[in-house]
Amino acid sequence: MTSTTQAVRSGPVRRRTGTSERTAGYWWYLAPGAIGFAAVVLVPFGMNIWYSFHSWSGVGTMTPVGLSNYTTLFHDATFWTSFRNSIYFIVAMAIIPTALGVLVAAVLFDFIAPRFGTRTGSILRATFYLPQILPIAVAGVLWKWMYQPDYGVINTVLRSVGLGSLAQNWLGDAHLAIYAVMNVLVWLQIGYTVVIFMAGLSRVDPALYEAAELDGANWWQRFRTITLNQLRPEIAVVLITTSVAALKVFAPIYMLTKGGPGTSTIVPSYFSYYNFFTTMRVGYGAAVATVLAVVVTVVAVVAMRYQARSTEGLDQ
Amino acid sequence: MTTDTASVTPQPTTLDTAPPAGRPTTPRRRGARSRRGISGWVVLAVVVACALLMLFPFWIALVNGFKTSEDYISGSPLTLPSHLSFQAVVDFWKGVDFGQKLVNSVVISGCVAVAGVALSLLSAFAIGIGRIRGRIWILAIFMVAFTIPQEALVYPLFVLTRDLDLYDTRLGVIIISAVLQSAFGTYMLASVLGAFPSEVLEAARLDGASRFQVLRHIVLPLTRPTLGVLLTFFFIWTWNDFFLPLILLPSASNQTVSVSLGALSGQYTSDPTALAAASLVGILPALVFFLLFQRTLMRGVNLGAVK
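Heads up: the protein sequence lines correspond to chains A and B, in order. Start counting the first sequence at 1; every next residue gets the next number (full-length UniProt numbering). Start counting the second sequence at 1; every next residue gets the next number (full-length UniProt numbering).
Just chain A, same shape as in the assembly:
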């Protein structure tokens, strides 16, 4: 190990002598992770971009087609629909769960817990979190069954209380399906935001609330001025991570609607999967996946830089 250290060391002289000698040997510990990363992420992503410049059915020869997959894509209505639906799913996975999560967390943390004990608070928190541990495939089977138009629970209950006129083919109606899927996503996501915001609240100095309470601020005023401000870092992180997750959403769509009826609930990830494995247009699917990867990366990087800047501003 020492010999390799010497070999690597021959680079420029570092300010703190001895440090580079010490650090050089650490590169070996990075090797397994780096090799794995290259084999599982870097090379496959490169190959995916390569495929996207070809027409290929997965077997036989690949025909280079230049950028034509991408030009086709930009004139493909399904492609644009898939990204428009992504906005709906950002609402369902990021915006609504964040808004409700902050409210529920604040109520549990400084209304329920002080009055009814922290145990009540944590039991309720666990209840909200429960859907998070469920495999999405299971949640999908369960909700698909509940939405079933003939014998599904939702329609059966509606009919039994005389509201049969409200019974719908929830997942089979092109206008309703996206809202039915959104409903499942809110149910899945809300626990994540509640748990994170409750943890964030436990970090807030209770003296802030005490002072506001002494000044006669009511719960809603304290929520708006203290809770929302103090939770700003958590809200930013949650919005970024859940929006990225929403752009990538696949399993709930696969389980509930397979993008249908028609293309009413299609998302970019399902659209690329569909091209890869159903219509065997691998090059086209690869182009969709590449565009999605670029969009996700841009959103993540921009959001994180914006967040870093705005929290810096807060400190000053």
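Think of the hints as simulated: they come from the structure by calculation, not from any bench. A portion of the hints provided could be inaccurate.
What the hints assert, rightly or not - Here are the simulated distance ranges between beta carbons:
hint, chain 1, residue 1, chain 2, residue 2, range
1, A, F83, B, I141, 37 to 43 Å
2, B, L80, A, D76, 34 to 40 Å
3, B, L201, A, F83, 46 to 52 Å
4, B, G134, A, G260, 45 to 51 Å
5, A, G117, B, S253, 27 to 33 Å
6, A, R224, B, G99, 51 to 57 Å
7, B, G134, A, G66, 34 to 40 Å
8, A, V186, B, S253, 32 to 38 Å
9, A, V204, B, L52, 24 to 30 Å
10, B, I136, A, A39, 22 to 28 Å
11, B, L171, A, F83, 33 to 39 Å
Each residue gets a CB set at the ideal place from its N, CA and C atoms; glycine is no exception.
Position chain B against the provided structure of chain A, taking the given hints into account.
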């Protein structure tokens, strides 16, 4: 609604707690009962109602999974079964050979968790303790692994595993998932190890400890709680993972629990309780993990969110 009622209570309680204003804990505990009031109960009722709404699908699966079709059709889907019938559950279990799926899921999730944590620890040791050059960039590149959509990797992975005879093997999925998850683990552990007390490391070095001895005898024992959180999360993430096993494990004998349920998403069956039974069987392992690891999960969720 909630806010209106909530705004009423603080006034009397501020008087209650005003004298020892500096100490929030003791008066709170003493004053808890008097602070509840009617509005307190109303808010609690609203929150409990929301919580029950969250539990509703679980309840529905539980009561209907044990019903016969006739029982389901004649009664209400909300009520308990008139008699317990394990027929639907047994049919599903036998139909998909669920025992085999459980074994596959346990083997794959267990191996991914252990391998993923080991990979994370090694990389984070180099970045956090070794403070190798360019570590910020290395971390940024690792982050790509968990922001990039798997759709942009899956076809090449499908081709590569096929060429390497790893397609439709559990090993193939284990390697890929372990690497992808270790990216997150590296990111998290690197920041934990970056704050590692340097005196401890310095002392070990003076005693002539090699890098590996430092890792094995100092870093590993002291980061065990964090590693436990990671292990739990990797296990559950892999258990719930759907996309990779869907594509890379097509044959029934290699399928995981998640994918075997995914196969049910095609068509509705004519038997109205079959899907309830299937959901119930799928919920049970998740529920066991939840009860076992609840504390670790709650601690871990925010470890990941805000470093």
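Hint check:
The supplied range of 37 to 43 Å is broken by F83 (chain A) and I141 (chain B), whose beta-carbon atoms lie about 27 Å from each other. A hinted range of 34 to 40 Å for the beta carbons of L80 (chain B) and D76 (chain A) is inconsistent with their spacing of about 51 Å. Between L201 (chain B) and F83 (chain A) the Cβ separation comes to about 49 Å, which falls inside the hinted range of 46 to 52 Å. The beta-carbon spacing between G134 (chain B) and G260 (chain A), approximately 47 Å, falls within the hinted interval of 45 to 51 Å.
Here the CB-CB span from G117 (chain A) to S253 (chain B) is close to 50 Å, at odds with the stated 27 to 33 Å. With their beta carbons about 54 Å apart, R224 (chain A) and G99 (chain B) fall inside the hinted range of 51 to 57 Å. Checked against the given bound of 34 to 40 Å, the beta carbons of G134 (chain B) and G66 (chain A), roughly 35 Å apart, stay inside it. For the pair V186 (chain A) and S253 (chain B), the supplied restraint of 32 to 38 Å holds, since their beta-carbon distance comes to about 37 Å.
The hinted window of 24 to 30 Å between V204 (chain A) and L52 (chain B) holds, with their beta carbons roughly 29 Å apart. A C-beta distance of roughly 23 Å is found between I136 (chain B) and A39 (chain A), which places it inside the suggested range of 22 to 28 Å. The hint said 33 to 39 Å for the Cβ distance between L171 (chain B) and F83 (chain A), and at roughly 36 Å that hint holds.
The earlier numbered hints that this structure contradicts are 1, 2 and 5.
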